[in-house]
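Just need the whole structure built from these sequences, with the hints factored in.
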Amino acid sequence: MMNSLRDDRTAYGSVSRVLHWAMALLFAWQFTGAALHLLAEDTAAAKFFWFFHRDIGFLLFLMVVVRGAWGLFNLSSRPKQSGVLGRAARFGHTILYIVMIAVPGLALIRQIGSGRTFAPFGLKLIEGGGDRVRWMTEIGGLFHSPLAWLLLALVAGHVAMVGVHQLLWRDGTLDRMAGSRDGKDRSAEV
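Counting from 1 along the sequence shown, just add 271 to a position and that's the residue number in this note's numbering.
The hints are simulated quantities; they were obtained by calculation from the structure and are not laboratory data.
Quantities reported herein were computed from a predicted structural model and do not represent experimental measurements.
Every residue, glycine too, gets a C-beta built ideally from N, C-alpha and C.
You can take every hint at face value.
Simulated restraints, written as ranges between beta carbons of each label pair: (1) Asp326 to Gly412: 14 to 24 Å; (2) Gly401 to Val355: 47 to 57 Å; (3) Phe362 to Ile410: 20 to 30 Å; (4) Gly412 to Met432: 26 to 36 Å; (5) Ile369 to Leu310: 20 to 30 Å; (6) Lys318 to Ala373: 19 to 29 Å; (7) Ile369 to Ser275: 27 to 37 Å; (8) Glu398 to Trp440: 49 to 59 Å; (9) Arg405 to Trp440: 43 to 53 Å.
With a Cα cut of at most 16 Å, we get these calculated EDC-like pairs of lysine to aspartate or glutamate: (10) Lys395 to Asp326; (11) Lys351 to Asp279; (12) Lys351 to Asp442.
Next comes the structure, spelled out in structure tokens:
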């Protein structure tokens with residue numbers, strides 16, 4: 272079992288793993304709430320999930336920034352990804368991070384432009400009562416939801432690739448994110 276906070280060539284450290292799996296759970300919450308809001312808006316379940324949508328979205332925004340910074344800090348010690356598959360993995364992760372920043376970022380722009388108070392988890396970050404800024408509300412309103420559904424598709428692709436790594440290539444990718452080590456660096460085999 273892994274003890275290290277930092278990533279290394281054989282496995283991701285506990286900080287990376289906690290951030291990854293916590294974000295996975297929060298994204299599952301967000302997408303469940305969004306689907307319920309779209310398909311069953313007047314149900315108690317939809318209202319329950321939707322009540323926390325802004326708060327959890329803001330938390331995810333903070334977590335993705337922290338996780339991205341942590342990933343850059345650990346970049347030189349992470350498992351190496353080489354060749355065409357390595358470039359494809361880096362490209363896919365880059366797109367995923369861009370969209371993970373854009374979706375809550377656009378919602379935050381829309382919130383700022385609305386002139387309303389923003390108090391995630393009861394912590395007032397933006398005082399209400401200001402003027403509405405039309406371009407901010409429009410850009411957030413126009414792009415937040417479509418990019419969120421794109422994010423869901425990217426997450427589904429990410430999960431599908433984990434299945435390919437685990438079941439077809441058997442390269443230990445899931446093991447590294449789960450924190451197990453067997454002393455063998457299988458990352459170069461991909």
